[in-house]
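Kindly generate the complete structure, drawing on both the sequences and the hints.
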Amino acid sequence: VMAHADWIIDLGPEGGDGGGSVVVEGPPEVVAKRADSHTGRFLKRLLPA
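Its first residue numbered 1, the sequence shown is counted upward by one per residue in the numbering used here.
Treat each hint with caution, since some may be false.
Derived pair list, reagent style EDC-like, types lysine to aspartate or glutamate, alpha-carbon separation capped at 16 Å [what the hints assert, rightly or not]: (1) K44 with E29; (2) K33 with D17; (3) K44 with E25; (4) K44 with D10.
Just so you know, the hints here were simulated from the structure itself, not pulled from any lab data.
Rendered as structure tokens:
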């Protein structure tokens, strides 16, 4: 579902006290390029190179 989203807002980088900051926002292709994003690392494997 996320790979087909128009816009993703990735909060984190962790949960609880380690979260709450915007790590990256944008279309899935932009999020996938952020190495410090757990979501981005997952999306990178799903999107075409």
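(request) Of all the hints given earlier, name the ones this structure violates by number, lowest first. (result) Hint check: 2 fails alone, others pass.
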